[in-house]
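Please put together the full structure from these sequences, using the hints given.
Protein chains in written order, with the numbering used here: chain A, 1 to 113; chain B, 1 to 113.
Wrong hints could be hidden among the right ones.
[Claimed, not checked] Facing chain B, from chain A, some residues (calculated, C-beta under 10 Å):
(1) Gly-35
(2) Cys-37
(3) Leu-54
[As the list claims (entries may be wrong)] Across the chosen pairs, the derived CB separations fall in these ranges:
(4) B:Arg-103 <-> A:Ser-55: 50 to 60 Å
(5) A:Gly-65 <-> B:Pro-51: 35 to 45 Å
(6) A:Leu-53 <-> B:Lys-59: 56 to 66 Å
(7) B:Tyr-72 <-> A:Arg-38: 49 to 59 Å
(8) B:Pro-77 <-> A:Ala-89: 42 to 52 Å
(9) A:Thr-68 <-> B:Ser-73: 51 to 61 Å
(10) A:Arg-69 <-> B:Glu-85: 18 to 28 Å
(11) B:Pro-77 <-> A:Thr-84: 32 to 42 Å
These are calculated hints, taken from the structure and not from any lab test.
None of these values were measured; they are calculated from a predicted model.
Cβ atoms here follow ideal geometry from the backbone N, Cα and C, with glycine treated the same way.
There are 2 protein chains.
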Amino acid sequence: MKRTYESQQTCPIARSLDVLGDRWTMLLMRDLHNGHCRFADLLRSLDGISPNLLSARLKRLEEEGIVTRRLYSVHPPRAEYVLTEPGQAFKPVLDQITAWGSRFRPVETNGVS
Amino acid sequence: MKRTYESQQTCPIARSLDVLGDRWTMLLMRDLHNGHCRFADLLRSLDGISPNLLSARLKRLEEEGIVTRRLYSVHPPRAEYVLTEPGQAFKPVLDQITAWGSRFRPVETNGVS
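Rendered as structure tokens:
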């Protein structure tokens, strides 16, 4: 399951990216930090992700202790996802990526509406 | 070439990850920040990457204005790669990932030497 670079595992960056280095996972972390916690909300905010992929990414984050899953309805069963302490502590990474992207990756205006 | 999530392009995180979201690219940025600038050095420090993949990643960073390529020997032709201002400005992202990984992704000790 884990995508590692075995000889890189002494590096905390490589170990972080093993869990969170996937693009959709980073965007999922962004949306969890933005307060989206229900599957349907996340599916909407992550426009373009498939339900299966979202489900797999959430499961992996749960296995890695980055989110916890909580049922908020039993009939029908519906879950919400809440960031754990490690999950919350990832915010400075997202903030720095946001700052960098805002500064150095301006929105492309290519005439497509 | 760009791996985008079209509807995500209003987000600076998504735009950053389009360029730097690949795991090897992040590790390459780490090593460039650590002062490795020659192809052979990078190939060594990124133990596990293939020369072709390293070459492709460097080319992409050059195209995106994140590194510049400079010949330091003409016979034989040998290049070194230097971070531009946008490349240097990525350091806080790496620092935050390092901090998170050091705290929440301790080295696994699984008995494999």
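Now for the hints, and whether the structure bears them out:
1. Proximity of A:Gly-35 to chain B is violated relative to the hint, the smallest CB-CB distance being about 15 Å (cut-off 10 Å).
2. Proximity of A:Cys-37 to chain B is violated relative to the hint, the smallest CB-CB distance being about 18 Å (cut-off 10 Å).
3. For A:Leu-54, the interface hint is violated, the least distance from its beta-carbon to any beta-carbon of chain B being 13 Å, above 10 Å.
4. As the Cβ distance of B:Arg-103 to A:Ser-55 is approximately 28 Å, the hint placing it in 50 to 60 Å is violated.
5. Hint check: A:Gly-65 to B:Pro-51, Cβ distance near 37 Å, so the stated range 35 to 45 Å holds.
6. A beta carbon spacing of about 29 Å between A:Leu-53 and B:Lys-59 contradicts the range 56 to 66 Å that was offered as a hint.
7. The hinted range of 49 to 59 Å is satisfied by B:Tyr-72 and A:Arg-38, whose Cβ atoms lie roughly 55 Å apart.
8. About 46 Å separates the C-beta atoms of B:Pro-77 and A:Ala-89, a value consistent with the hinted range of 42 to 52 Å.
9. Here the CB-CB span from A:Thr-68 to B:Ser-73 is close to 55 Å, well matched to the stated 51 to 61 Å.
10. Taking the beta carbon of each, A:Arg-69 and B:Glu-85 are about 43 Å apart, not inside 18 to 28 Å as hinted.
11. Remark: the range hint 32 to 42 Å for B:Pro-77 to A:Thr-84 is contradicted by a beta-carbon distance near 51 Å.
The structure does not agree with the numbered hints 1, 2, 3, 4, 6, 10 and 11 stated previously, though it agrees with the rest.
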